[in-house]
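Q: Chains as they are written, first to last, in my numbering: chain A, 199 to 526; chain B, 199 to 526; chain C, 199 to 526; chain D, 199 to 526.
Hints listed in this document are in silico derivations from the structure and should not be mistaken for laboratory results. Computed from a predicted model, the values in this text were never measured in an experiment. It cannot be assumed that every hint is accurate.
Listed below are the simulated SDA-like cross-link pairs for lysine to any residue, each with C-alpha atoms no more than 25 Å apart in a straight line [to be verified]:
hint	chain 1	residue 1	chain 2	residue 2
1	D	Lys459	A	Asp422
2	C	Lys297	A	Glu482
3	D	Lys459	C	Leu419
4	A	Lys297	C	Asn504
5	C	Lys366	B	Gly462
6	A	Lys418	B	Gly458
7	A	Lys366	D	Gly462
8	A	Lys418	D	Gly458
9	C	Lys459	B	Gly462
10	B	Lys418	C	Asn504
11	C	Lys297	D	Glu423
12	C	Lys297	B	Lys366
13	B	Lys297	D	Lys297
14	B	Lys297	C	Lys200
15	A	Lys336	D	Lys297
16	A	Lys239	B	Gly520
17	A	Lys297	D	Glu423
18	A	Lys418	D	Arg304
19	B	Lys297	B	Trp323
20	C	Lys418	D	Arg501
21	A	Lys366	D	Gly458
22	C	Lys297	C	Gly285
23	C	Lys459	D	Val502
24	A	Lys418	B	Lys366
25	B	Lys297	D	Gly462
26	D	Lys297	C	Leu419
27	C	Lys336	B	Gly458
28	B	Lys297	A	Pro367
29	C	Lys200	C	Arg215
30	B	Lys366	C	Gly415
31	A	Lys297	C	Asp422
32	D	Lys459	C	Gly415
33	A	Lys239	A	Val322
34	D	Lys297	C	Lys366
35	B	Lys418	C	Gly415
36	A	Lys336	D	Asp232
37	B	Lys200	B	Leu254
Part of the chain D face toward chain A, derived, beta carbon under 8 Å [said to hold, decoys possible]:
hint	residue
38	Leu229
39	Val234
40	Ala236
Using N, Cα and C, we set each Cβ at its ideal position, and we do this for glycine too.
Number of protein chains: 4
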Amino acid sequence: MKLGIVGLGRMGGNIARRLMRGGHEVVVHDLSSDAVDAVAKDGAIPAASVEDMAGLLGEPAVFWIMLPAGAITQSMVERISDLAKPGAVIIDGGNSFYKDDIRRARELADKGIDYVDVGTSGGVWGLERGYCMMIGGKTSVVETLDPIFRTLAPGLGEIPRTPGRDGKPTADERAELGYIHAGPPGAGHFVKMVHNGIEYGLMQAYAEGFDILAGKGSEKLPDDERFDLNLTDIAEVWRRGSVISSWLLDLSATALAQDGKLNGFSGSVADSGEGHWTIEAAMEQATPAHVLSAALYARYRSRVDNTFGDKLLSAMRYGFGGHVEIPQ
Amino acid sequence: MKLGIVGLGRMGGNIARRLMRGGHEVVVHDLSSDAVDAVAKDGAIPAASVEDMAGLLGEPAVFWIMLPAGAITQSMVERISDLAKPGAVIIDGGNSFYKDDIRRARELADKGIDYVDVGTSGGVWGLERGYCMMIGGKTSVVETLDPIFRTLAPGLGEIPRTPGRDGKPTADERAELGYIHAGPPGAGHFVKMVHNGIEYGLMQAYAEGFDILAGKGSEKLPDDERFDLNLTDIAEVWRRGSVISSWLLDLSATALAQDGKLNGFSGSVADSGEGHWTIEAAMEQATPAHVLSAALYARYRSRVDNTFGDKLLSAMRYGFGGHVEIPQ
Amino acid sequence: MKLGIVGLGRMGGNIARRLMRGGHEVVVHDLSSDAVDAVAKDGAIPAASVEDMAGLLGEPAVFWIMLPAGAITQSMVERISDLAKPGAVIIDGGNSFYKDDIRRARELADKGIDYVDVGTSGGVWGLERGYCMMIGGKTSVVETLDPIFRTLAPGLGEIPRTPGRDGKPTADERAELGYIHAGPPGAGHFVKMVHNGIEYGLMQAYAEGFDILAGKGSEKLPDDERFDLNLTDIAEVWRRGSVISSWLLDLSATALAQDGKLNGFSGSVADSGEGHWTIEAAMEQATPAHVLSAALYARYRSRVDNTFGDKLLSAMRYGFGGHVEIPQ
Amino acid sequence: MKLGIVGLGRMGGNIARRLMRGGHEVVVHDLSSDAVDAVAKDGAIPAASVEDMAGLLGEPAVFWIMLPAGAITQSMVERISDLAKPGAVIIDGGNSFYKDDIRRARELADKGIDYVDVGTSGGVWGLERGYCMMIGGKTSVVETLDPIFRTLAPGLGEIPRTPGRDGKPTADERAELGYIHAGPPGAGHFVKMVHNGIEYGLMQAYAEGFDILAGKGSEKLPDDERFDLNLTDIAEVWRRGSVISSWLLDLSATALAQDGKLNGFSGSVADSGEGHWTIEAAMEQATPAHVLSAALYARYRSRVDNTFGDKLLSAMRYGFGGHVEIPQ
């Protein structure tokens, strides 16, 4: 198929490359002409603007937007919807809030334009491993775009098949190839959002576990209860036959193999919107999400020194017990 | 009654004074002779050592230990049990772990010595307000000591009586005076331990609420959603007719009245053992205690900069997404 | 002053009464004519409709809406704004979401109508104790309405004054009377929202503590570590001189005095929007709120049997360990 | 090597089999003679008692105990230590509390017996996949036993090697084969304990995520925000290239492939001691562990209907607001 990709950052550029390797024709645009040139060198058709891209794509045009979620993506959706003809498709491959997708799909439908949201996991590894995709949109449109998704997805590869899936009439073959049509507009990003919420929880579970391991050398403990544990080897051994093996553990093992103290990192941990939105979704359904919110809060906390609330605790302790803070 | 008090710190000295005001005869000892002199000046009989105290008390001797929990209290219990005669009573008024009480009571019973554990709340305010006490021990012994507890307790005072308590045959009158016989040895400190666990939870609830209020001025929010809130006035108004009025809020209001920024505090918050033990007790009973453990962890976190776990989160993020830490 | 009150439920009716006792003239309306009659019997002027009320109020009219937050309040604000003259004031005394207040104030400003949001705490006790109020709105309007707030507020009463507040030039005298002008529109409900968030946290801290006390009789514990604790007396004694005394504890003591097993309650706990919104506000500011969200989730969890997630845990355990569920 | 295995349950029997496949000579004993017969049929030497086993093993004897942690394992350790000769080795391959290991190693050292603790992950899959092992004990003893561990471990297999590990002089080759010598006695079970703590956290993260996905069909949501998601396909697609792929996810996908509703499970989730001990270890080091404790509490909560604390919440709500419980 032929499609245009707007936004050639870490993800967009590699998506373009993987599509070209799969035989698709890709028109690319980015604010940075260097980014455009780099992908063009690998065979993409450069576009100087989205208007230019629209011209190069012909009809029906398919636009894949791969930009930071929020205002930037929103304004690009609007800009493309102004110049696109009825029958065009706008794909948002970023991490948009799923309610924005629902709204956009409704607004674009009035203009005869289809909107598809694709939650994409795989990070910087997607070019080689393929992208795991969760897709929201009208069934007919998602089916038309299938060749694109099939190319981007990892495919069956060497991952063992899930016992008992085979032959189930309800099982969608696409899931085994690494992509699903999750539901109507918004459903793709909703599933991806929960995916990221889970990701935060998994990461924090490992983080707390390694914190406890690291602390076991503490001088406050009795001598025979202190262990000088080799975290690099522990991460490695857990990769091999343990119940908690995972790709995140593989990445941890890689980082710890380089430096068992992780001295290159300060530990100030960013969060993108999905963790926050996952908690909102949980609250809208009255679903407890202790672990997922604790994981999110741990990131917030990693980015500040003491909070006002901490000071208030000290002030109360001083108030009722005359406790003076001990310098730590 | 006549009793000896060992340990004349913030709590012990005032307990001695309140008892003397109530007409009791008090023999006092402390490692610091200054502390002994200060209480002796108010009428107590000074003892140069616990041996000296034993002599001054006669029989049956009642010892009230008011020392830091753990090894110091344990060694004093042992020292007194070596010199006390059968029929003596050892009261531990500190914050001992209730399982230590159970063990001590069993050990002392072999020597004919009774052991009573008294959990005491009221902090530095107890001299004036009286002490809220939770008592564990044999019924006959607790009854013998009743004059002491009655003096130390706040009494009915001006606190409104609980509707519906009156005349209930099951209601123990002592509870309304501010002390209870909770059960056998250990029960006093157990109830006090849970009291402190709750205290941590309450404090953290206020701390988080005020954190959110304080953050509402953040420049990251849209202008009309930013509020420049007066936290001093908010704490004050909540004292007056709101559902969340409490003594801890009173203390918060006092601290905020002095300095709405609480600049005198760093926010490095200590914890004594009770929070930890409360969680252990919860786990032994398979009782969820999300709030109480979160409150404890917030204190731990207030005392460190970034954790190893935080660094591991950053390392994973770098691993899957090439995310570089942003200086905050 | 003269004002109209729309909505005569548990709160509205008593607000009307307290205002009349304070000498204000009150026009009342409710869908239920019984509710109107009941308040009219106490001296209020009945209105058959809001249109009728507008006529009875004259100009500038002051409307106090006391209805369930959400669609019902929103539609009443719209209805009144359609019939009110410029210069009128609409007060929302319910528990609206503060962002709705911000929006409404902006919309009504275009019509020359002022909007004031009043967060009100005090529940069914407000008629006697007075209402603790947190007010958002334009300064001039809040000052004009001051006689109303002064009447509704508890006043200084017998609550001891906060040490160190007196004479501070920055301290607003109104806070000591039980109401504050928190800031522009929305600020009143924002502070009330956080108040309720804290309330959830405080309640859950007590709930977990009493759970641990209740469980201490468990047959799974060694005999000398089992205590048969009297929860009624424990709640009572904590009211008297302890660090955790509070109004919520008073209420707990009252309930436990009636029935120490609380058999009249199933434990299915509702939540209104404020807990949810408090977490949203925390997330918008990247403020950790472990305790407040855990408290909210505990309510969600109290309303369901096992979750799908619980089943997934069982399924995984079966998968890796062949663990079969044990009937509990 | 020649060794004895006491306890032929789900784990012990397969450990015996894997050792025999690796050429080791295995003497086996179990209270159930059926269990002994089953393994003997596969080539093991049956022992009628541990005394019998000791005779069959000769000297120096190596005993591998694979029994439920706690009193049963403790009493077997004592029994073997009474009959074993100096130079013998007792291996505890179960899930003992690491402080018990430390104590046992000290006690057995007096008798000239070595004690080795082996934390074993891999569950029912270990026979085929191999066992991931974390070993605590004296270096010389662990080295002597190396042939056993090497046979039981998964070996390099097809798991990709961790980039950057290769050639590091600090990297222990054994970690890549699937076992580590973590440190002195206790260290093996300590690392395994934290492993299980992490396992709980990971599982709960998935559980909450799937709960949120499952709830998205809720009738309380607006129509266009409701999704009828296929959880079976979502679990499958996340296995393929996503950041959250893991073995636990593989198991989830398998379970969901059989029944997307998991109707065969009630969701009453057991916990063994490790989650609890992990939290204790965290508290002893003052390390926050929000996620790991939340995961543990979720299991506790899955096993009860409403708690006493829930009822107390209802009672307070009734107290301040007259809120009556709504049947859910």
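Q: Holds or violated: Lys366/A and Gly462/D, Cα atoms, limit 25 Å.
A: Holds, at about 18 Å.
Q: Can the restraint linking Lys200/B and Leu254/B be considered satisfied, given a maximum Cα separation of 25 Å?
A: This hinted pair holds, its Cα atoms lying about 10 Å apart.
Q: Lys366/C and Gly462/B were given as a pair; does the straight-line alpha-carbon distance stay at or below 25 Å?
A: The given pair, whose Cα atoms are some 18 Å apart, holds under the 25 Å limit.
Q: Does Asn504/C lie within 25 Å of Lys297/A when you go C-alpha to C-alpha?
A: Violated - the C-alpha atoms of Asn504/C and Lys297/A are around 29 Å apart, more than 25 Å.
Q: With a cut-off of 25 Å on the C-alpha distance, tell me whether Lys418/A and Lys366/B pass.
A: Status violated; Cα separation ~50 Å.
Q: Need the status of pair Lys297/C, Lys366/B: alpha-carbon distance at most 25 Å?
A: Since the Cα atoms of Lys297/C and Lys366/B sit roughly 49 Å apart, the hinted pair is violated (cutoff 25 Å).
Q: Hold the hint about Ala236/D up to the distance rule: shortest CB distance to chain A must be less than 8 Å.
A: 24 Å, violated
Q: Take the C-alpha atoms of Lys297/D and Leu419/C, compute the straight-line distance between them, and say whether it is at most 25 Å.
A: 20 Å, holds
Q: Could you grab the alpha-carbon distance between Lys418/A and Gly458/D and see if it respects the 25 Å cut-off?
A: This hinted pair is violated, its Cα atoms lying about 49 Å apart.
Q: Going by Cβ atoms only, is Leu229/D closer than 8 Å to chain A?
A: Violated: closest Cβ of chain A sits about 27 Å from Leu229/D, beyond 8 Å.
Q: Would you mind confirming whether the straight-line C-alpha gap from Lys418/B to Gly415/C stays at or under 25 Å?
A: Between Lys418/B and Gly415/C the Cα gap is close to 51 Å, so the pair fails against 25 Å, i.e. violated.
Q: Does Lys418/B pair with Asn504/C here, judged by a C-alpha cut-off of 25 Å?
A: 39 Å, violated
Hint violations for this structure: numbers 1, 3, 4, 6, 8, 9, 10, 12, 14, 15, 19, 24, 25, 28, 31, 32, 34, 35, 36, 38, 39 and 40, all remaining hints satisfied.
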